[in-house]
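Chains as they are written, first to last, in my numbering: chain G, 1 to 420; chain P, 1 to 516.
Since the hints were derived computationally from the structure, they do not count as laboratory data.
A virtual CB, placed ideally from N, CA and C, is assigned to each residue, including glycine.
Please note: incorrect hints may appear among the correct ones.
Computed cross-link-like contacts, DMTMM-like style, restricted to lysine to aspartate or glutamate with a CA-CA straight-line distance of at most 25 Å [said to hold, decoys possible]:
#, chain 1, residue 1, chain 2, residue 2
1, G, Lys270, P, Asp125
2, G, Lys84, P, Asp460
3, G, Lys84, P, Asp458
4, P, Lys328, G, Asp218
Here are some chain G residues pointing at chain P (derived, C-beta under 8 Å) [what the hints assert, rightly or not]:
#, residue
5, Cys157
6, Asn161
7, Asp182
8, Gly231
9, Thr244
10, Phe348
11, Asp361
12, Val363
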Amino acid sequence: MRSVERARFSGDQTAGERNRRVFDGLIPPPDPPFTLKEYAERLQRMREQMAREGIDLLYLMSPAAMNYFHGYKARWYREESSTKWPALAGTAIHVNHDRLIHFDYPREKRLLEGTSVAEHVRFLPYEGIPATGLETIMRELGAEGWLGGVVGMEFHCRLPNRALSQIIEFAFIHNGCRRVIDATIPIRSVRRVKSPQEIAYIEQAAHICQVAHETVRDVLRSGMTELEVYGEAVRAMSRAGGETSAIESSVSSGPSATPHAMTSRRVIQKGDLVFFSPSGVYNRYHANVARGYFVGDPPSDLIERYRTSAASYALLMDHAKPGESTAKVCRTLKQYYRDTGIWHLHGFVGGYELGIAFPPDWVGEFYFDVDQETEGVFLENEVTSYESGVGTALIDTFVYEANGPRRLSEFPAELIAVDN
Amino acid sequence: MRAGCAGLSKFISGSKRMIERYKRAGGVCDVIRRGLRAGLPVREVNRLLQRYSPLGCRGPGAWICVDLRHKTHLFKTKPRRKGQGTDIESTPPELERLAISKRETMAGRMSNREAIQQHCHPELDAPFSLQEYSDRLNRIRDRMAREDIDLLYLSDPESIYYVSGYRAAAYASNGPKEWQPMGGIAVHVDHDRFILFEGPDELILARNTSVARDIRIFESLAKTERVVAALKSEGWLAGTVGLEMWSFRPNRAVSEQFQELLEGEGCRVIDGTDIVRDVRAIKSPQELSYIETAGRIADIGMQAAIDKARSGMTEIELHAEMTYAMAKAGGELNALPGMVNAGPRSCSLGTASRRRIMPGDLVVLDTCGVYNCYHADVARTFSIGKPSPAVARQIELSSRSVEVLKSTIRPHIPVSELNSVMKDYYVKAGIWEDRWWIGGYEFGIAFAPDWVGYHMYDPDYDAGERVFRPGEVVNFESMFYLPDNAGVSWLINTIMFKDAEAELLSEITSDLIVIE
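Chain P on its own, in the form it takes in the complex (with noise of 0.2 Å):
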């Protein structure tokens, strides 16, 4: 072989193994392709196609890459006429896509986007492993055909999330009608791989953060359609279609435009909220270790409204206190937005707010610690200075509760049993009538805007038969309206059901916390 630039030796060197399986297979694109993103000039690449092309050199049917109009081209050659040149046949398409050349890019020819879009490929950072998501995946999957759908198309953000692990600050949620909230993912009964749809600009995103091989990125505009167009294309539109209707997103218009559109392909189209948010209330144990993280940032933060709590400060304030300690721990932001509510406002599910907090003021929290997207709810109830012995009283017998709860709950206890053994702790203590609410719901990933999952348990509610199983994990709610015009005692604490026992998140003590 000529010596050529140390580029070429080296492409060679390291492609020769290749070059000869292609020949064997007929692929020339990846030589090619290989080539020209190693900056190799295009004579350099055609000496190659000449050497390698399991077409012969430079007869009939070789490969030949020209630099046409500042872009490159790859031409298969036609057999020679009488009396005529060499004749080019257009490219196939799938290697006129490969005719990139890096010198386009550093000329400026090409655009940043189409650059970062074809070169940038960041590592993943995925917070479980592939088994895990292909096992979740397959999980999925079961249900799907118990349920007789074919075809599940993810819209939810803890979803997608779920299933791939992208995540995103923004999901067009409630944007420009024009901006239609398409991103997804599709999920088919029969195939173990899935597509992520997505818009251009969060290409890089998805490939930072998500494991999925397959991204289809669609344009702006006419999302639905192009959605249906791909999976068509795919051969997975037939059968039933589940969609999560429940959910905030898409928003209805968006929903029903992308049903229309499936129906026109001759599916059926049905509600699949229930899916993956029953694949999702059994948490493996990676998540229940996220989830015990999550539950040391809680504390964290409300051990820094603790220390931080003073009269004379905002609502706003304090609860950035909590963001502040918390995000320094590492952890992430709330899916709601976290709760310091003072004074009358205790008996509210308000924001933070710019009221300062007054001394003999009650002073609600509620946060939770976030770390890779899961949950674990903690609140608690301070005092401004002392409170009066009736308000001391009532929070104290709210606060036992706890024990109880701890010495009740174990894995496989009957909803019913819990509820029960609560409600006849309260009544016994005489502040039943006074409940605000008493229940939980079930914990995990959450994105904004709404932490609470979606399995709740009240005692005014039925159960029937449900049971805790192990891996599920859900918060308990105990708030009390108080005497004195105190406004509500809350009380909250995440529960995590493992296989041989269930044990309370939260370190921070439940007694009311009393600020001098």
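The following block holds chain G by itself, in its conformation from the complex (with noise of 0.2 Å):
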């Protein structure tokens, strides 16, 4: 078993000391995802780009970061919670060293032991005002001598909040950092290109994902609410294996129908297009394949825009290969649907990466937009969504192979009509 520093907690000394002293050693070593080779080459990637952008040390606190980094995933990371409990937790990184120290609260202790593969792991005092914990990392960071240059921390992430991070900041200026920059850009870049174990559980996502999707062809009538509709989902995906998602499997029906409408008590009704567009989960990596679904006989001239919508996945496999520009592309598919007479319809169409996520966001940081043809270019073994939102609810998720994107999902990318 590997060895945990747990001596060097200084709370939660009073608490369940009797029974949980026992308890101790008794979680089961962690079954992470990764082998520790692949997490022990993310760092050697992070350590080198932040060598390459000046920067020192990076304290992480985004769930994805400290999920990639090391495994751990938990159920609450005090986002809203009362200001007596701060979302100190976090990873940090130092370029000089081939090893990560993680940071949490005693009560997360378990978790880690069953989560994380994290060797270093050191316990603020229990929750209580941001200083108490901020003195224990700056005092345990300074003990390295990790402090004094430039560090960076995710500005564009939602955890820690501004007021905290703005805390955290002045605590590094504090004990002697240079200054504390944004380095959304520089983690989040380390986690585009997916290794084949990454993709492997994309595909087995939208394996799960898929399992939805014929579960809800299956069981969708009018007289169903959107909410029950949802339920049939998620138990389907439950026993193919799929957790929870980042954002709601949201099913979305009749004439108020939009893609980010929440899944309500609505009860569907013959005549309705229905929205549904489930992500599946495979240790944090999701894969997002929406659906229209036409409760009754739909008209030929929707069956119809749906299948030139379709059509234009051909193109991106066709266009979209890697090292190509993402602007060349999103001019071809715009072209593409201009030709076909369906432009008009546009809402969304693009893509954005996939991958890691959890609650309350799955969409990631590199996207393109078919309307604004966004400057950029494709990667190789990178996954992306693929919304050809032409008045049509058609999204699936390609992985992007030396020749070209390959659709992750086998299911019809067609209308789907049910109950007719």
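Both chains come to you apart, so use the hints to assemble them.
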């Protein structure tokens, strides 16, 4: 069993001493989803990126970053909780050291032991005012000799909130660091290209998503509520091993249906178009597939529109090869939609990075927008969604292989008629 | 009047009074707009204008509706000069906006997005009366006045929902840098209306779910600038602005950018997080009713887990059975992923996993029923098979605390008194030193990723003079390490403080639930 620095926590000394001490060490070792070698390679790539950016120390606090570098995953990250429970947990990475140090509250000790490969874990005093926990973090990092240079934090992430981020920044400056900068993009960039194991997990996630659609295709009938459809889908995905997704698997129906509406108690009726957009999730990797379901006999022009929309996938797969300009591919796609006479129906057409995600969002950093003809380059082994939103609910997940993007789901890319 | 198309007659007969009014007021624009939207041909609208224009028929200054390059324009004629035809002035901007034709849409010359944004007004699906929303706004403004805050910009999904009813499945909280999560609500201390800002893709959702009468749409980029510009044009940018800096939304970078722009307009910017959080702490009767419904939904979920739990199923499968049952009962999605943790995982705050539940496992389940985004929490402990006597005894001692809790809670009870009574019980029961956590926190509206409310209490924290007021809803958590390496027992109930009484919402037994 790997060694964990149990002696270093300074809180939780009195609560549950008797039974807790007996419990120490009885958590089974973690079953991480990646090899220790892969985690080490990730850390190495991050350090190389830090060196290029002139960053000495990173303090990572986003759930996705912590999960990426050492596997830690929790149910609760204190995003919106009382200020007496400041979200100080984070992982420190130094450019000159091949180990990372994770800081967390004693309450998460068992969870860390069960999910994280981090060998160096330091515990903060029991939750309280930020200053108390920060004192521990600064003291420990100072003792390691990790303070004094440029610190990177994730200013574009939801964790920590703005107020806490500024308090943490002040603590770094007060403890001798030169400055604190935003390192969101360097951190996210390391995750963009996926390893074979990551791609395998996303393929599994896509399979789980397909199970959801197959279930909904079988059960969706007029008279059901959106929530009932959702319940059926979640149950099916869980039986296929799917975890909770970062955004709810939206079921939206009727004249007010929009992609971002919350699933509701609305009763689905004959003639409704139902928008269903789940993500399958496996080891926190997400794959999103969305379809439109018509309850009853769909009008032929709608069927035809879906057919035309789905044909854009072939263009994406032919043109969006690794190294290709995103703007060029966007222009090609836009021209296709114009030539087929459906461009005027467009909402969002494009895609964004998919990978590790935690609530409340699964949208990654890289994106391309066909309307905006965004500049960028497609990379080999990255994974994105593609949304052909031209009055059609069609989203699929693609992995960009050497020969071009490959669609991960085999669910038919068409309007699905049910209850007809 | 000459007989025209059926549409014209219907339009005219329905509008005569309105036209007379506009004739007096000089407001032709609504007449024109209604005519166009009724699908009248341009020549019919012109005929109408000529008959009813306050400026006279066909003379200088009359309005003419003309199709130019497949777009309908409205022009006001200028006086005719000698030897020249009638000149046409440009339309004032407000009329230019009104120049919409259904024929444009049907001919496909207008994008689907433009057509829907113009014409789609779904019926309102708001869970509270307009009066209640108005009362909330007034309470917020009162609090702003006391804190000397002139403008409050709300970005927290809970705050936005509380003020307007707007709710979405996603808030762009963590996406690409360029997709700034700037949607929010501006409240001014001197105005009894608020402004809801959102992206174009959320316009219909905003109309469907919110009571906002003023919805401003900003395009995808440069959102902070657009919000500031809109607030400036309203005259709302003077004095002190409060931002919700302790909310996860927007992220720090966007929040700082927003602050910089506001300060550039001469505003002083401070943290205003506490305003709506404090106002929300006391629930109205309707809110309490929704939380009671949420409590019943939570019990349905927990009962489903009791009925379905068996060894061999995974934690995720059991969690899904709870979710399924709650969804069928009309329960919405939890803000925090529900928890099913078995065996040694019971002593962690992990999400349900693919671990199979084994015979002999203790399984802890924590979920919320959700109704109109109001949450009520319940957690219980199952044993797959009979537990050891020591484990059973410890859990029984913990379960008995519920009777103590029920007999203690009352409106206006000091928090310190509740803390003290419960601690005394656990000390006397001999299990206080085995606590994992004892305490609770506020419950109410919640959106992903967290349902934990702002106000918390814990016997290890000094509660000062604070009391539980009528209208407050909190949970009470009691978790204990167990002997024989069995894990941690979980027992959570939601407490509702009403005017004359306080009650626990769940009717699920607090005892250990043994699954044979």
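Tell me if the interface restraint on Gly231 of chain G is satisfied: Cβ within less than 8 Å of some Cβ in chain P. Since the shortest Cβ distance to chain P is 3 Å, the answer is holds.
May I ask you to test the interface hint for Phe348 of chain G with respect to chain P, counting a Cβ-Cβ separation under 8 Å as satisfied? Constraint on Phe348 of chain G satisfied, holds at 7 Å.
Do the alpha carbons of Lys84 of chain G and Asp460 of chain P lie within 25 Å of each other, as the hint requires? holds (12 Å)
Distance restraint between Lys84 of chain G and Asp458 of chain P, which requires alpha-carbon spacing of 25 Å or less: Distance of about 11 Å is within 25 Å: holds.
Agreement of Lys328 of chain P and Asp218 of chain G with the hint, judged by alpha carbon distance not exceeding 25 Å: holds (17 Å)
Regarding the hint that Thr244 of chain G lies at the interface with chain P, is the smallest CB-CB distance below 8 Å? holds (4 Å)
How about Cys157 of chain G: closest beta carbon in chain P under 8 Å, or not? holds (6 Å)
Closest C-beta approach of Asp182 of chain G to chain P relative to 8 Å, hint status: Cβ of Asp182 of chain G sits 6 Å from chain P, so the hint holds.
Taking 8 Å as the limit, does the beta-carbon of Asp361 of chain G come near enough to a beta-carbon in chain P? holds (4 Å)
Given Val363 of chain G as an interface hint, is the shortest Cβ-Cβ distance to chain P below 8 Å? With a minimum Cβ separation of about 4 Å from chain P (threshold 8 Å), the hint on Val363 of chain G holds.
Interface hint compliance - Asn161 of chain G to chain P, C-beta minimum distance less than 8 Å: holds (5 Å)
Please verify whether Lys270 of chain G and Asp125 of chain P have alpha carbons no more than 25 Å apart. Holds - the C-alpha atoms of Asp125 of chain P and Lys270 of chain G are around 21 Å apart, at most 25 Å.
In the structure shown, no violation is registered for any of the earlier numbered hints.
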